[in-house]
Amino acid sequence: MIRTYTIEKKSTGKTDIFDITVELEQHLKASQIETGQVVAFVPGSTAGLTTIEFEGGVINDLRQAIERLLPRNIHYDHDARWGDGNGYSHVRAAMMGPSLYIPVIDGQMTLGTWQQVVLCDFDNRPRTRRVIVQITGE
Amino acid sequence: MIRTYTIEKKSTGKTDIFDITVELEQHLKASQIETGQVVAFVPGSTAGLTTIEFEGGVINDLRQAIERLLPRNIHYDHDARWGDGNGYSHVRAAMMGPSLYIPVIDGQMTLGTWQQVVLCDFDNRPRTRRVIVQITGE
Amino acid sequence: MIRTYTIEKKSTGKTDIFDITVELEQHLKASQIETGQVVAFVPGSTAGLTTIEFEGGVINDLRQAIERLLPRNIHYDHDARWGDGNGYSHVRAAMMGPSLYIPVIDGQMTLGTWQQVVLCDFDNRPRTRRVIVQITGE
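Chains as they are written, first to last, in the working numbering: chain C, 1 to 138; chain V, 1001 to 1138; chain W, 2001 to 2138.
Hint data in this document are derived by calculation from the structure and do not stem from the laboratory.
Cβ coordinates follow ideal geometry from the N, Cα and C atoms, glycine included.
Some clues are possibly wrong.
Claimed, not checked - Derived Cβ-Cβ restraints for the label pairs, each shown as a range:
no.: 1; chain 1: W; residue 1: 2074; chain 2: V; residue 2: 1108; range: 43 to 51 Å
no.: 2; chain 1: V; residue 1: 1106; chain 2: W; residue 2: 2125; range: 43 to 51 Å
no.: 3; chain 1: C; residue 1: 10; chain 2: W; residue 2: 2012; range: 40 to 48 Å
no.: 4; chain 1: W; residue 1: 2106; chain 2: C; residue 2: 113; range: 21 to 29 Å
no.: 5; chain 1: W; residue 1: 2112; chain 2: V; residue 2: 1083; range: 15 to 23 Å
As the list claims (entries may be wrong) - Taking lysine to any residue and the SDA-like style, the derived pairs with C-alpha atoms no more than 20 Å apart in a straight line are:
no.: 6; chain 1: C; residue 1: 9; chain 2: V; residue 2: 1126
no.: 7; chain 1: W; residue 1: 2010; chain 2: C; residue 2: 112
no.: 8; chain 1: C; residue 1: 14; chain 2: C; residue 2: 83
Claimed, not checked - Derived list of chain C stretches under chain W, where covered just means 3 residues or more per stretch with a C-beta under 8 Å from a C-beta of chain W:
no.: 9; segment: 28–41
no.: 10; segment: 46–58
no.: 11; segment: 92–100
no.: 12; segment: 104–114
Could you put together the complete structure from these sequences and hints?
Pasting the structure below:
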């Protein structure tokens, strides 16, 4: 059985990081799947998915690490060619990756206690983001 | 239903980045699967998969970011021991990851308009690379 | 058919990197699945999964790259707020990601010859880690 859902988030263009765990849990409950997997995917080339402890300090730390490694204010060929100013967003998204898989046992995702699923929007302008959620199993 | 396909690319050893989206679309169409998932995996420890806007500027930007973060010309223990000269390739591949998952709805991958699936070959010599594609669904 | 297994590893808090390929192969054999996928997921927000050649030199290189990019001894807001001292662990785990997918053909994972599946424990204290393994297919 495959169930497909969509989660929507409105971002501000300032590296918003959204906790989508509760929405995933609600869709899993609705699917009535007991054994299987939740898979999440973000369409678009300027956003990514990962898991992290959704705590303000760690979220700041992640943002600062990404800014340090893949800075906004250096030269990007993309910006020189297209003038979008979001070359940094594309590179960040490609490094993080768009997809995530979480096993389901006894109707629950096997996340750790302090582990949340997050959508990271790296674009430089407000977006309405969709995350595609597929729940597969028995 | 599970369908398995292979995509082959000949690389040059110079951090080639290949757009494999059209091949994935062709295999998806051949599978006649309407709802499910495309999963891609690259065998080998010196290549990775991700999604990005396949535009020359962004591709340069990604290559330069990877070179800046995981430089080719620093010391690698792997090279000291084995003399392959591709220690940087292994570390880059491990950081990017070998697998990717894309949902399928109405017979289409749910990629964004400017989002392509890419194979990044980090090795320092020409290779014939295979990407394993599994399409699962109904 | 879906089979679920657990792999346990005892870590020391010193960025242990474990090769779990043999355990995955054993579970795959036990499942008797010939065509499908092995998916692995690590619960917890201070560990990650990837593939790499499990050779001492490369493993050192990966550890050093991670230390260089996401250093242990810089300021982390997480540590300022919670005093855990493992802010670096959280950021490293979020960048690597917790999940991995490997296709199965003819009862074998399609890993490359020198490609092993590894669990990276980034926490700063000993842990008993679980990796959830789901094998799906026919």
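Checked hints:
{"no.": "1", "hint": "W:2074 x V:1108: 43 to 51 Å", "verdict": "44 Å, holds"}
{"no.": "2", "hint": "V:1106 x W:2125: 43 to 51 Å", "verdict": "48 Å, holds"}
{"no.": "3", "hint": "C:10 x W:2012: 40 to 48 Å", "verdict": "44 Å, holds"}
{"no.": "4", "hint": "W:2106 x C:113: 21 to 29 Å", "verdict": "39 Å, violated"}
{"no.": "5", "hint": "W:2112 x V:1083: 15 to 23 Å", "verdict": "20 Å, holds"}
{"no.": "6", "hint": "C:9 x V:1126", "verdict": "43 Å, violated"}
{"no.": "7", "hint": "W:2010 x C:112", "verdict": "16 Å, holds"}
{"no.": "8", "hint": "C:14 x C:83", "verdict": "18 Å, holds"}
{"no.": "9", "hint": "28–41", "verdict": "holds (count 3)"}
{"no.": "10", "hint": "46–58", "verdict": "holds (count 8)"}
{"no.": "11", "hint": "92–100", "verdict": "holds (count 4)"}
{"no.": "12", "hint": "104–114", "verdict": "holds (count 5)"}
The structure is inconsistent with the numbered hints 4 and 6, although it conforms to all the rest.
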